[in-house]
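Given only the sequences and the hints, what does the whole structure look like? Please build it.
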Amino acid sequence: MGKYILKRMAHLIWILLAVSFLTFLLMYLAPGDAAEKKLNAQGISVSQEVLERTRQEMGLDRPFLVQYGDWLLGVLRLDLGSSYKDGFPVGEKLARGLGSTLVLALWSLLLSLAVALPLSLLAALHRDGPLDRILRFLSFVGNSLPGFLLSVLLMYLFCVRLRLLPVLADRSLKGLLLPGLSLAIPLCSRFLRQFRAELLEQLGRSYVTGAVTRGVKARYILFRNVLRNASISILTIVGLSVGSLMGGSVVIETIFRWPGLGKLAMDAIRDRDLPVIQGFVLLTAVIYVGINLLTDIAYHWVDPRVREE
Amino acid sequence: MKRIVALVLAVLLALGLLGCAKTEKPAETPAAEPQILKLAESFAYPSLDVHKEYYGWYTSIYGISETLFRVGDDLSIQPLLAEKAETSEDGLTWTVTLAPKAAFSNGKALTADMVARNLKRLAEVNPRFAYLADFNISAAGDQTLTIVTPQIYPTLLSDLTAPELGIMDLDGTADFDNAPVCTGPFVLKSFQPEGTVEVEKNTAYWNEAVKLDGAIFYYMQDDESKLLAMQSGEIDGYTSVTAAAKDIYAADPSRYVLTQIPATRLQFYVLNETRMDDVLRRAVNLAADPGAIAAYLGGTVSPAVGPFTSAAPYGKVTKPAPDPEAAKAALEGAGYTLNKDGFYERDGQPIQLNICYYAARSLDSIAILLQEQLKAVGIDSILTVQEDPDSTYIATGDFDIALYCMIADKAGDPYYCIDALFRQDSRWAIAGFRSDACEALINELQFETNVTRRAELANQIVQMVIDDNAFGFVGLFNKTTVTRKGVEGIAENCPFDFYGVDANTGIG
Amino acid sequence: MLLKPRRKRSRKKLRLRMILLLTLACLLALTAVLAPLLTPNDPNATDSGAMNYAPCREYPFGTDRYGRCVCSRVLMGARTSVFCALALVVAAFLLGSILGMLAGYYSGAADTLVMRLADVLLSFPQMVLAIAVAGILGGGMGNAMLALGITSWTLYARLARAQVLSLRKEAYVQAARLSGCSTPSILLRTMLPNMLGPLAVNAAAQLGTTMVGLAGLSFLGIGVREPHAEWGSMISAARGYIQLAPWSVLFPAGAAVLTVMVFNLLGDCLRDWLDPEAAK
Numbered sequence: 001m002g003k004y005i006l007k008r009m010a011h012l013i014w015i016l017l018a019v020s021f022l023t024f025l026l027m028y029l030a031p032g033d034a035a036e037k038k039l040n041a042q043g044i045s046v047s048q049e050v051l052e053r054t055r056q057e058m059g060l061d062r063p064f065l066v067q068y069g070d071w072l073l074g075v076l077r078l079d080l081g082s083s084y085k086d087g088f089p090v091g092e093k094l095a096r097g098l099g100s101t102l103v104l105a106l107w108s109l110l111l112s113l114a115v116a117l118p119l120s121l122l123a124a125l126h127r128d129g130p131l132d133r134i135l136r137f138l139s140f141v142g143n144s145l146p147g148f149l150l151s152v153l154l155m156y157l158f159c160v161r162l163r164l165l166p167v168l169a170d171r172s173l174k175g176l177l178l179p180g181l182s183l184a185i186p187l188c189s190r191f192l193r194q195f196r197a198e199l200l201e202q203l204g205r206s207y208v209t210g211a212v213t214r215g216v217k218a219r220y221i222l223f224r225n226v227l228r229n230a231s232i233s234i235l236t237i238v239g240l241s242v243g244s245l246m247g248g249s250v251v252i253e254t255i256f257r258w259p260g261l262g263k264l265a266m267d268a269i270r271d272r273d274l275p276v277i278q279g280f281v282l283l284t285a286v287i288y289v290g291i292n293l294l295t296d297i298a299y300h301w302v303d304p305r306v307r308e309e
Numbered sequence: 001m002k003r004i005v006a007l008v009l010a011v012l013l014a015l016g017l018l019g020c021a022k023t024e025k026p027a028e029t030p031a032a033e034p035q036i037l038k039l040a041e042s043f044a045y046p047s048l049d050v051h052k053e054y055y056g057w058y059t060s061i062y063g064i065s066e067t068l069f070r071v072g073d074d075l076s077i078q079p080l081l082a083e084k085a086e087t088s089e090d091g092l093t094w095t096v097t098l099a100p101k102a103a104f105s106n107g108k109a110l111t112a113d114m115v116a117r118n119l120k121r122l123a124e125v126n127p128r129f130a131y132l133a134d135f136n137i138s139a140a141g142d143q144t145l146t147i148v149t150p151q152i153y154p155t156l157l158s159d160l161t162a163p164e165l166g167i168m169d170l171d172g173t174a175d176f177d178n179a180p181v182c183t184g185p186f187v188l189k190s191f192q193p194e195g196t197v198e199v200e201k202n203t204a205y206w207n208e209a210v211k212l213d214g215a216i217f218y219y220m221q222d223d224e225s226k227l228l229a230m231q232s233g234e235i236d237g238y239t240s241v242t243a244a245a246k247d248i249y250a251a252d253p254s255r256y257v258l259t260q261i262p263a264t265r266l267q268f269y270v271l272n273e274t275r276m277d278d279v280l281r282r283a284v285n286l287a288a289d290p291g292a293i294a295a296y297l298g299g300t301v302s303p304a305v306g307p308f309t310s311a312a313p314y315g316k317v318t319k320p321a322p323d324p325e326a327a328k329a330a331l332e333g334a335g336y337t338l339n340k341d342g343f344y345e346r347d348g349q350p351i352q353l354n355i356c357y358y359a360a361r362s363l364d365s366i367a368i369l370l371q372e373q374l375k376a377v378g379i380d381s382i383l384t385v386q387e388d389p390d391s392t393y394i395a396t397g398d399f400d401i402a403l404y405c406m407i408a409d410k411a412g413d414p415y416y417c418i419d420a421l422f423r424q425d426s427r428w429a430i431a432g433f434r435s436d437a438c439e440a441l442i443n444e445l446q447f448e449t450n451v452t453r454r455a456e457l458a459n460q461i462v463q464m465v466i467d468d469n470a471f472g473f474v475g476l477f478n479k480t481t482v483t484r485k486g487v488e489g490i491a492e493n494c495p496f497d498f499y500g501v502d503a504n505t506g507i508g
Numbered sequence: 001m002l003l004k005p006r007r008k009r010s011r012k013k014l015r016l017r018m019i020l021l022l023t024l025a026c027l028l029a030l031t032a033v034l035a036p037l038l039t040p041n042d043p044n045a046t047d048s049g050a051m052n053y054a055p056c057r058e059y060p061f062g063t064d065r066y067g068r069c070v071c072s073r074v075l076m077g078a079r080t081s082v083f084c085a086l087a088l089v090v091a092a093f094l095l096g097s098i099l100g101m102l103a104g105y106y107s108g109a110a111d112t113l114v115m116r117l118a119d120v121l122l123s124f125p126q127m128v129l130a131i132a133v134a135g136i137l138g139g140g141m142g143n144a145m146l147a148l149g150i151t152s153w154t155l156y157a158r159l160a161r162a163q164v165l166s167l168r169k170e171a172y173v174q175a176a177r178l179s180g181c182s183t184p185s186i187l188l189r190t191m192l193p194n195m196l197g198p199l200a201v202n203a204a205a206q207l208g209t210t211m212v213g214l215a216g217l218s219f220l221g222i223g224v225r226e227p228h229a230e231w232g233s234m235i236s237a238a239r240g241y242i243q244l245a246p247w248s249v250l251f252p253a254g255a256a257v258l259t260v261m262v263f264n265l266l267g268d269c270l271r272d273w274l275d276p277e278a279a280k
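Residue numbers (our numbering), protein chains in the order written: chain A, 1 to 309; chain B, 1 to 508; chain C, 1 to 280.
I should point out that these hints are in silico values taken from the structure, not numbers from a laboratory. Predicted model, so just to flag it, every value in this text is computed and none were measured. Every residue, glycine too, gets a C-beta built ideally from N, C-alpha and C. Incorrect hints may have been included.
[Stated by the list, open to error] Using C-beta positions, here's what the derived DEER-type ranges look like:
hint, chain 1, residue 1, chain 2, residue 2, range
1, B, 299, C, 13, 52 to 62 Å
2, C, 274, A, 4, 31 to 41 Å
3, C, 108, B, 382, 42 to 52 Å
4, A, 99, C, 108, 45 to 55 Å
5, C, 194, A, 61, 54 to 64 Å
6, B, 252, A, 72, 50 to 60 Å
7, B, 436, C, 55, 53 to 63 Å
8, C, 23, A, 44, 55 to 65 Å
9, C, 188, A, 205, 33 to 43 Å
10, B, 252, C, 57, 26 to 36 Å
11, B, 252, A, 26, 43 to 53 Å
See below:
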């Protein structure tokens, strides 16, 4: 097990190297100039001299490999550099954004689980019943609604039509509601569908039929056997959903101006703020790969039969 | 099963209570007692260091920092921290006298030495003001500052109004990013980097009594959110109202006051002389209809003749009225013929112009509208949008028509804009506009100290550019401010973006 | 019994559903192809006299803030969405399958290279990567498609590789090889038909996701550009006008949801059809 984790960690380092190099290269090749963006921020035109000097101060005039190497050395010293835009340490900015994003992501994840778990169980138990049909339809619609559209419609409904919610989203429950819902609805729809399939799979196993014929109480079978056995797959499904949750939060945060990682990244891309983009890319890859790894480890831990490749 | 449901419900309920407890608190406090103004701002920065980047614009908006001179609503230069300024005979030495009462919010009096150190610090930390290092700045006494410039520098006072020149107590400030000590009518109460900023009355304000008890500035970039927040009463006002929101406010004059004044942000396009002949450029300028574009933009911009508002003495220029028929006639006179698609071509080569733009400051709308206006006279065009115009089409010159938006008038003087746009070594020279006569006039303008003569020179220069069809001036952004009825004095009558609350701001 | 026995869903019913959905999908595709002929007005023509009109006879879906016909733009938007999604999925399908098959067949360095590249790309949430790439490249239809396509091929590559690896040991493949068939012939004639099913199921499922992704990028302003009509950018542009002219948001939104639903249903149906075991 330890060896397996070590191997995966080594793999992660290689991935991080490749990802950071590719982003750096892409940024280098793509049009856009951080110095210009910074000096022109309020629409004041600057002379060529000032521009050249700023580029020099920011180190933008150095060759590509020197810039990348410099950045990489910094990362090895745990220094992600400072933002081109405002000179603030990237680590600090990321930490601040990560906090906000975590609040939003965890809240929508909890919301989705709270809804999807009981409902999918009910749907599986009453397969093809009216509830199952309704839920299947709803989860299908939820799966087809793009997150950005959902947030626009929710905003229209709750803020414009009903005037129920404040527009200034803060970290209170009310402020969290709309961005949280916009993230949770597609997530919950997917969970419903996947959990239901998994529960049906377990319910169809012969041990359930056997236990029922032996006269074991239905509630006992459900909680002691079915849910416990399904929990591994459910865990995996939740772990795999982190990717779409992160993608969704970039869009949702941009729409709701939620001060999280996603908005930070969008702003950084717009401002050609390379150090922030690099930091974001590294952090995203670490979180994503890390969670996949954790899911794997949990999988191994819960079910020792699973052997590594 | 029941237990799970109960648990889930309990958790949700607990979260709900937590959330309600947090949100309802401000609603419970009666709003009548302290006079707190709530505004929305489109930008928020991570630092309040007045001298760095554009942060000074916001410390000025927040009423925290002040400059030696300020620009009035009528674009005149008015004394603020400085009482007056005089030049020597040769025009090289400026003597600035500070207001005797001027003092920082910590009670310390403002000295000429402190001002000199501020200017030097600005030159060091802000590349846009590095030129100040070429000046010899020194304190000639407690209240007197002398600035010696190597060449005659007529626009010095207008330069001194820049909000980046806000004066900080360099000795009394421990944390420049989060808590600068300045002279303004308000002092910082709380600061969330790139977020909400709260200020309160500076009880020791040197100048006059401050009306408001405090103000809160929310960071809201999204126009839709600002509209909704205004409608729900969460904010008391904001500037740069969009056309759509304007219609909504205008429909309810009992609640909202709209103020619209011409401002100084210019939308224009450059015509590439290396690719388009005189006739084609003239046809494009005749086809483009700034009036119609302003109508589409719902009055958020005013149609422009030149780069400056025609109210200014240096904005007296003329250009022919839009005339599609004349545009067609000009093309036909130069041998262009209509092809079967309804577009002009010459020698079998259809015209297809490349309109480059970036999606900000309504330039995207202008691009769409311009394309349609050109189509109406039979000129075919394609749209190319870039994220960053400066390093793409402006750098490469790969365009026929390049749209751009910039502040044309920083502080009541035409030189900055003329220098940036029409010089032979400016970045716009890539479009091929060259005129030695024009360059000579610009050189004259640079050193001319007589204001009337400056205006004359500016008018001549701009007229040359217009007559050459080198540029097309489309619109000047209006500054549109909405306030809740009774709120006044949030710089709604000032054409610049860097003023906000001051001592006279009040909630009716 | 805990689990009620499943009502038999007949294959006939499935076929009926399949035909219905295929017809709908074809109708959508036909709309996309014929869009320029169907539009009641010029989709790009601006009209200062008709800004923010409510739906009426001349403008069935109303007009937007430039006075452009929303109905015509929605129709032209179908063209953009459907064409782009189809082109992207087909390209990813071809590229991914070919790379995957080659990697599986030849193993060794080629295999390592392709699979490691896929690993790097998959170490990133797909939409985050697409947003980053499109944002950095500066948007535009081509760049947006590239940004989405960068990861979508990996799915087919992995599938095809796994299939090739397992098929390689099958007797009939060995036989083909021994009888002197060339490599391309083995890959295309012997192996491809056997893996087309699972690949096609994935491709169908990806159509809907691709459309949503493209619309999302356009919504963020880093996808399809003006004056091109595209549902995502139409929604984004009209968002500020939702109080004044809700139709300019709701019609493109409805069109997007309906289309994505049809393609998603089609994907599900195809999976049930080709893989009856997985249908639950």
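How the hints compare with the structure:
1. Separated by about 60 Å at the C-beta atoms, residue 299 (chain B) and residue 13 (chain C) satisfy the suggested range of 52 to 62 Å.
2. A hinted range of 31 to 41 Å for the beta carbons of residue 274 (chain C) and residue 4 (chain A) is consistent with their spacing of about 35 Å.
3. Taking the beta carbon of each, residue 108 (chain C) and residue 382 (chain B) are about 47 Å apart, inside 42 to 52 Å as hinted.
4. Taking the beta carbon of each, residue 99 (chain A) and residue 108 (chain C) are about 46 Å apart, inside 45 to 55 Å as hinted.
5. A hinted range of 54 to 64 Å holds for the C-beta pair residue 194 (chain C) and residue 61 (chain A), which are about 56 Å apart.
6. For residue 252 (chain B) paired with residue 72 (chain A), a C-beta distance near 58 Å keeps the hint of 50 to 60 Å intact.
7. The hinted range of 53 to 63 Å is satisfied by residue 436 (chain B) and residue 55 (chain C), whose Cβ atoms lie roughly 59 Å apart.
8. Restraint check, residue 23 (chain C) to residue 44 (chain A): a C-beta distance of roughly 59 Å satisfies the suggested window 55 to 65 Å.
9. Distance hint for residue 188 (chain C) and residue 205 (chain A): a CB-CB separation of about 41 Å, consistent with the stated range 33 to 43 Å.
10. At roughly 31 Å, the beta carbons of residue 252 (chain B) and residue 57 (chain C) sit within the given window of 26 to 36 Å.
11. Distance hint check: the CB atoms of residue 252 (chain B) and residue 26 (chain A) are about 49 Å apart, consistent with the given range 43 to 53 Å.
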